[in-house]
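Full structure from sequences and hints, please.
Protein chains: 2
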Amino acid sequence: MDPPSRLHVRRSGCLGGEQCLTEKPNSERSSPGRLSGVPSNTVLIGKKPLMAYATAIVMQANTGSGDISVKARGRAISKAVDVVEVVRRRFFDGKLDISDVQIGTETLGDEGQTRNVSTIEIKLKKRD
Amino acid sequence: MDPPSRLHVRRSGCLGGEQCLTEKPNSERSSPGRLSGVPSNTVLIGKKPLMAYATAIVMQANTGSGDISVKARGRAISKAVDVVEVVRRRFFDGKLDISDVQIGTETLGDEGQTRNVSTIEIKLKKRD
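These protein sequence lines map, in sequence, to chains A and B.
My numbering applies: residue 1 is where the first sequence begins, and numbers increase by one.
My numbering applies: residue 1 is where the second sequence begins, and numbers increase by one.
If you're looking for bench data, these hints aren't it; they were derived computationally from the structure.
Among these hints, one or two may not hold up.
Said to hold, decoys possible - Taking lysine to aspartate or glutamate pairs in the DMTMM-like style, the calculated list, with each CA pair at most 25 Å apart, reads: (1) A:Lys-123 x A:Glu-85; (2) A:Lys-71 x B:Glu-106; (3) A:Lys-123 x B:Glu-106; (4) A:Lys-71 x B:Glu-121.
Pasting the structure below:
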C-alpha cells in the first residue's frame, strides 16, 4: 500500500550524516535503557535527560515484579544516583527501597587498548 | 623578622581576582578531603585530581583502624567510585573490601532557595 516514492526512500537507506534516522535509534529513544540482551527490569543510565530514566523506572516498578536494577558506567554514575533519588522522593514518597548498591570496574576495548571504567548497580525494591 | 613590604602585603589582604591565595585554600590543598569537623577516617571527594584522594585513602588505610569512609556529592559521585576502584585494584590488590554503599540526598541553601544534591558514602574495610 506504500506509494513507490516511500518504498524507494526505504530501500535507498541511509547515505550518512546526522540526519540519518534508522529504525534502531528510534526504538531506543522510545524506551530509555532498553537494549537487546538487557533484562526488562534493568534500566541503563546514559546521556538522555534524567526524567526519561525516571519515568522508565516508575513504569517498570508499577508493571513488573517491583524489583528494578539501575546500572550506569563512568560519568553516568552520578546521574544514576540522581535518578534513583528523584524517583524515590518525588514519585514513590520513600516507598521504593534501595536493597543493594554494588560498585565495580569493567574493562572495555580490544587487547592493547583496554581501559577501565567504573560501574554502579543500584537495586530497587517496591514496598507494598 | 618579616620585611615591611611583606607585612604590608599580608595586612592589605586579598583585593579579589583568581590570583588571590589565602591561607585556607593552601591548607586544604595539602591534605585532600580534610576539613574541620570531618572525622579523620573520612575522605571527602571534590575537584582535586583523582590521585590526590587515592593517596589520602591509602595513607588512612595504612595508619588508621582500617575503616575508611569515602563521601561525595553531585558530580563528584562518579569520581568517588573511580577513586575507590583505583585504590582497591592498584594499591590493595583486592585486599580492601567495600563494606557498605549508601546513597542519599542533602538539601543545600537557605529557605526559599533550597536545592537537593545526591550523595554517596562508600565504606571501606582493610582486610588483614
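Results of checking the hints against the structure:
For a cut-off of 25 Å, the pair hint linking A:Lys-123 to A:Glu-85 stands: about 12 Å separates their Cα positions. The hinted pair formed by A:Lys-71 and B:Glu-106 meets the criterion: a straight-line CA distance of about 22 Å does not exceed 25 Å. Proximity of A:Lys-123 to B:Glu-106 is assessed by CA-CA distance (about 21 Å); at most 25 Å being required, the pair is judged to hold. As the CA atoms of A:Lys-71 and B:Glu-121 are separated by approximately 18 Å, the hinted pair is consistent with the 25 Å bound.
In this structure, every one of the numbered hints holds.
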